[in-house]
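In the order they appear, the protein sequences are chains A and B.
Adding 9 to a residue's 1-based position in the first sequence gives its number in the numbering used here.
Adding 313 to a residue's 1-based position in the second sequence gives its number in the numbering used here.
In case anyone wonders, no lab produced these hints; they're calculated from the structure.
Possibly wrong hints are sitting among the right ones.
Stated by the list, open to error - Which stretches of chain B does chain A cover? Using the computed rule of at least three CB atoms under 8 Å from a CB of chain A, they are:
(1) 345-352
(2) 463-473
As the list claims (entries may be wrong) - Sample of chain A residues with no beta-carbon within 12 Å of chain B, all distances over it, derived:
(3) Lys129
(4) Pro141
(5) Arg158
(6) Ala211
(7) Thr273
(8) Tyr341
(9) Ala464
(10) Ile472
(11) Lys493
(12) Thr501
To be verified - Below are the DMTMM-like pairs computed for lysine to aspartate or glutamate, each with C-alpha atoms no more than 25 Å apart in a straight line:
(13) Lys404/A to Asp577/B
(14) Lys437/A to Asp294/A
(15) Lys404/A to Asp378/A
(16) Lys165/A to Asp151/A
(17) Lys493/A to Asp193/A
(18) Lys437/A to Asp516/B
(19) Lys407/A to Asp355/B
(20) Lys404/A to Asp357/B
(21) Lys309/A to Glu237/A
(22) Lys437/A to Glu362/B
(23) Lys437/A to Asp355/B
(24) Lys404/A to Asp346/B
(25) Lys404/A to Glu367/B
(26) Lys219/A to Asp193/A
(27) Lys404/A to Asp371/B
(28) Lys392/A to Asp294/A
(29) Lys185/A to Asp398/B
(30) Lys94/A to Asp156/A
(31) Lys407/A to Asp346/B
(32) Lys437/A to Asp346/B
As the structure is a prediction and not an experimental result, all values here were calculated from the model.
Just so you know, even glycine gets a beta-carbon here, dropped at the ideal spot from N, CA and C.
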Amino acid sequence: MRSPTTRIGALALAGVLGLTACSFGTDDRAGSGGDGATTLRVANPTPVVSLNPFAANSADQPTLTVVQEVFETLVVRADGKIAPKLAESWTNPDPLTWQFVLRSDVTFADGTPLTSADAKASLQALIDGKGPLAGLWATVDDIRTPDERTLTIHTKSQLGTVLSNLTLLWIAPAAKIADSAFFDAPYGTGPFKVSSFTAGQAVSLVRNEKYRGEQPKLAGISYRYIPEVSGRVTALANNEIDATWGLPPDQLTGLRGNGDLTVTSFPTYANYYIWFNSSRKPFTDARVRQAMWHAVDFAKINKSLFDQAGAPATGPLPAAIFGSAGQNPYAYDPAKARQLLTAAGYPDGFSTTMMWSSGCCTNGNSFADAMISDWAKVGIVVKPQELERATWLDKLLKLDWDSTMTTGSTVTGDADFTLARLYLSTAKRNGYANPELDRILLAARAELDQDKRAALYAQAGKIVWDDAVGIFPLDLNGNVVLRKGVEGFTPTPNDLPDFAGVSLR
Amino acid sequence: MLRYALRRLAISVLVLFGAATVVFFAMRAVSGDPATAVLGPDADQAAVEALRREYGLDAPLPIQYVQFLRRAVTLDFGESFRLHDAATNLVLTHLSATAALALTAFAIALVLGFALGTLAATRPNGVLDRVVSVLSMLTQSLPTFWVGIMLILVFSRFLHLLPSSGAASPAAMIMPAVTLALPLLSVVLRLVRSGLLDVLHEDYVVTARAKGLSETRVVGWHAMRNMLIPVVTVAGLEFGSLLGGAVIVETVFAWPGVGRLMTDAIAARDYSVVQACVITVAVIFIVINLIVDLLYVRLDPRVRESV
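Build the full structure now, drawing on both the sequences and the hints.
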């Protein structure tokens with residue numbers, strides 16, 4: 010016989026289960042397009058904390074991923090070449106002046122036509138915003154708008170990177186740019202506009218009905234941040250999202266076998282590098298730095314750790330970047346490493362440290378372990394220091410480190426962005442100072458002839474590589490994983506997945 | 314009773330002041346400059362300095378501290394460096410998500426804990442009792458993040474029954490709430506079981522039975538009332554660890570709550586948000602402790618006499 014207490018318990022249990030067993034599967038994809046179009050649901054690997062492309066986050070991957078669907082630039086980089094976008098043509102009346110003629114058929118999502126005043130206000134906002142891209146425009150001393158369709162940019166000294174820099178100058182309406190509330194739900198001239206934004210969590214885009222081109226096939230795009238890799242993978246496999254990107258290589262192997270998903274890998278502007286602090290002994294000696302490189306069997310490590318996640322580096326910049334050039338590879342040669350160490354006065358090796366910020370790098374901890382074990386074989390004892398990002402950054406900028414491992418991206422796709430930003434002796438980023446390198450980099454920046462500019466970066470790259478300012482083991486591949494039915498996606502080397510041209514079956 | 318409440322309140326204010334002081338200095342003792350963390354390595358030095366000035370980080374520490382306390386009294390914790398919104402706003406918007414999660418978990422733990430504990434106690438060493446004992450040992454010792462991931466695997470990945478993350482539908486609440494509830498559930502369950510077993514042999518229970526009262530009334534009224542005190546104490550205290558567990562659960566399930574806000578803010582050295590979060594959580598802790606203390610008075614005539 011059942012006792013009354015059993016019945017109480019059973020009732021309570023049933024109550025709780027009933028309470029929690031609400032229905033699931035509310036359809037959040039119903040489109041606003043009225044043509045049966047649906048919203049693409051994507052999960053970004055890092056949170057979007059701001060949609061303001063002129064301030065602190067102007068070079069952040071998550072911010073740019075969304076911003077590129079909303080705003081447009083004067084020019085774009087397509088297949089490695091600069092092509093017109095909002096500007097239809099440009100000239101150099103003299104080497105210090107750049108004149109752009111804007112298209113006449115462009116309106117913002119609120120219906121107001123695009124004018125040169127908007128372009129001027131946007132450039133001014135980027136310079137005044139003092140974010141990471143402001144430095145690209147340091148030599149600009151005058152911006153003018155002779156008429157509604159003409160923009161002139163005047164520089165104090167010649168600036169050969171104007172076109173590359175413009176690929177990250179997003180044009181926003183001049184009347185709104187000073188209003189910080191505008192960036193809570195911004196609109197521009199691009200195919201989508203922002204309908205809602207919760208910083209750090211989610212962004213929703215809907216079609217910009219005023220877009221001059223063909224309307225997107227999607228009704229909108231909804232981005233949400235899922236911090237855990239396993240969470241994103243499950244959400245994708247479970248049809249809660251249609252796309253995600255930036256997954257670690259060990260996850261991709263499993264996903265390639267899933268018939269519901271398509272995995273796309275592609276070369277990017279990002280690479281891995283290990284810097285030595287050239288202002289600190291023993292790394293003041295180039296032979297020590299070169300010895301570190303020769304001591305590690307990168308071919309073997311790449312194969313075991315980065316199967317399809319990257320390609321062996323051919324220079325200090327990934328091959329897809331303007332101005333990158335192939336350099337002489339460093340062979341895995343422990344005997345040569347020992348010779349170099351002996352010549353530098355360290356026949357028995359030495360002890361040092363290598364820091365990195367946790368989560369900085371694909372397979373970072375395993376990679377560090379592998380390098381450290383190879384270095385130990387030639388007598389170099391490297392103590393690993395995995396730090397929190399803010400702490401790492403603090404030490405990095407104070408040059409308070411021996412060596413550091415990190416990954417970086419050349420967001421403009423132009424060698425100047427990385428080489429001049431990091432390797433000029435005035436940058437003080439890695440303790441390396443070389444007047445010859447400075448001369449080449451500054452000459453390259455001032456060169457308006459793009460072919461000559463590329464040749465100068467090849468020279469600069471050779472110095473950075475041969476002098477082993479750092480070790481450059483790997484160019485990183487990006488990856489985007491889509492559910493079957495997402496069609497028309499084309500990856501780009503800037504690794505900012507662009508879903509504007511995508512359709513959903 | 315009033316004096317008792319007032320004294321408890323005064324102590325609470327002191328505790329709150331202590332928490333505020335500790336979080337203020339602890340955040341600043343950790344290396345890493347917030348302005349640099351926000352602007353990144355490529356920011357212009359002048360921009361970093363400007364941001365430090367804008368947020369008052371260039372002032373001497375004691376002055377910053379006094380400023381912070383003065384503004385905190387009016388619930389103004391300053392603006393988030395990272396999310397460009399008032400820290401108080403951010404905490405309040407995220408708090409509702411955490412509160413929903415924590416309260417649901419609390420309810421699940423209490424209801425199931427009482428139900429299973431009672432069932433187990435009425436048939437000590439029966440099959441159900443043994444199963445429940447083993448399960449409660451397991452749920453208390455398994456790490457929360459692991460349980461969360463396993464639930465996702467089973468109910469999302471394989472069975473496609475529940476959404477794996479986010480807070481878009483009511484169903485999305487089930488797995489995070491259950492994950493969060495499990496450790497507390499096993500504590501409540503064992504307390505209820507052992508408490509009931511103790512009192513069921515007391516004379517007054519025998520008397521109650523002898524009076525011919527139904528078993529439901531004996532267990533559910535006479536016995537239950539006397540084992541409530543330890544359960545209330547522990548449940549109240551455990552509500553605090555529930556909030557701690559929420560940090561992990563919110564990350565595993567991408568639940569947009571205070572826990573996630575706080576972990577992201579700590580990583581970004583977003584002082585104002587960390588301070589607002591910690592003080593909010595401290596207030597919740599203190600209020601719960603107060604409620605527990607006052608409930609005691611209500612539940613236990615001996616305490617009522619003494620105050």
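The hints, checked one at a time:
Counting residues of the segment 345-352 of chain B whose CB falls under 8 Å from any CB of chain A gives 7; the rule of at least 3 is met. Counting residues of the segment 463-473 of chain B whose beta-carbon sits less than 8 Å from any beta-carbon of chain A gives 5, enough to reach three: the coverage restraint holds. The Cβ of lysine 129/A lies farther than 12 Å from every Cβ of chain B, with a closest approach of about 21 Å, so its non-interface assignment holds. For proline 141/A, the non-interface assignment is contradicted: its Cβ lies about 4 Å from the closest Cβ of chain B, within the 12 Å cut-off.
No beta-carbon of chain B is positioned within 12 Å of the beta-carbon of arginine 158/A; the least distance is around 32 Å. Residue-level check failed: alanine 211/A sits 8 Å from the nearest beta carbon of chain B, not beyond 12 Å. Annotated as non-interface, threonine 273/A keeps its C-beta farther than 12 Å from every C-beta of chain B; the closest such distance is 22 Å. Every CB of chain B is more than 12 Å from the CB of tyrosine 341/A (nearest about 31 Å), matching its label as outside the interface.
Distance to chain B confirms alanine 464/A as a non-interface residue, since its nearest Cβ pair spans about 26 Å, more than 12 Å. Even its closest Cβ contact with chain B, about 22 Å, leaves isoleucine 472/A beyond 12 Å, as expected for a residue assigned away from the interface. The claim that lysine 493/A lies off the interface holds: its Cβ sits roughly 16 Å from the closest Cβ of chain B, which is beyond the 12 Å cut-off. For threonine 501/A, the requirement that its beta carbon stay farther than 12 Å from each beta carbon of chain B is met, with the minimum near 22 Å.
With a C-alpha separation of about 20 Å, the suggested pair lysine 404/A and aspartate 577/B falls inside the 25 Å cut-off, and the hint holds. Between lysine 437/A and aspartate 294/A the CA atoms are separated by roughly 17 Å; this keeps the pair inside 25 Å, and the hint holds. The hinted pair formed by lysine 404/A and aspartate 378/A meets the criterion: a straight-line CA distance of about 21 Å does not exceed 25 Å. Under the criterion of a C-alpha separation no larger than 25 Å, the hint pairing lysine 165/A with aspartate 151/A is consistent with the structure, at around 9 Å.
Distance restraint check for lysine 493/A and aspartate 193/A: the Cα-Cα separation of roughly 33 Å exceeds the 25 Å cut-off, and the hinted pair is therefore not satisfied. For the suggested pair lysine 437/A and aspartate 516/B, the alpha carbons sit about 82 Å apart, so the restraint of at most 25 Å is broken. As the CA atoms of lysine 407/A and aspartate 355/B are separated by approximately 13 Å, the hinted pair is consistent with the 25 Å bound. With a C-alpha separation of about 17 Å, the suggested pairing of lysine 404/A with aspartate 357/B holds against the 25 Å cut-off.
The hinted pair formed by lysine 309/A and glutamate 237/A fails the criterion: a straight-line CA distance of about 29 Å is larger than 25 Å. Restraint check for lysine 437/A and glutamate 362/B: the C-alpha separation of about 18 Å stays at or below 25 Å, so the hint holds. At most 25 Å may separate the alpha-carbon atoms for a hinted pair to count; lysine 437/A and aspartate 355/B meet this at roughly 11 Å. For the suggested pair lysine 404/A and aspartate 346/B, the alpha carbons sit about 10 Å apart, so the restraint of at most 25 Å is met.
This hinted pair checks out: lysine 404/A and glutamate 367/B have alpha carbons roughly 24 Å apart, not beyond 25 Å. The suggested pairing of lysine 219/A with aspartate 193/A holds, with an alpha-carbon distance near 20 Å, which does not exceed 25 Å. About 20 Å separates the Cα atoms of lysine 404/A and aspartate 371/B, which keeps this hinted pair within 25 Å; it holds. With a C-alpha separation of about 20 Å, the suggested pair lysine 392/A and aspartate 294/A falls inside the 25 Å cut-off, and the hint holds.
Proposed proximity of lysine 185/A and aspartate 398/B is supported: the alpha carbons are some 19 Å apart, at most 25 Å. Taking the CA atoms of lysine 94/A and aspartate 156/A, the gap is about 19 Å. The hint holds against a cut of 25 Å. In summary, the hint linking lysine 407/A to aspartate 346/B is supported, as the alpha carbons are separated by about 12 Å, within the 25 Å threshold. A hinted pair counts as satisfied when its Cα atoms are at most 25 Å apart, and lysine 437/A with aspartate 346/B qualifies at roughly 18 Å.
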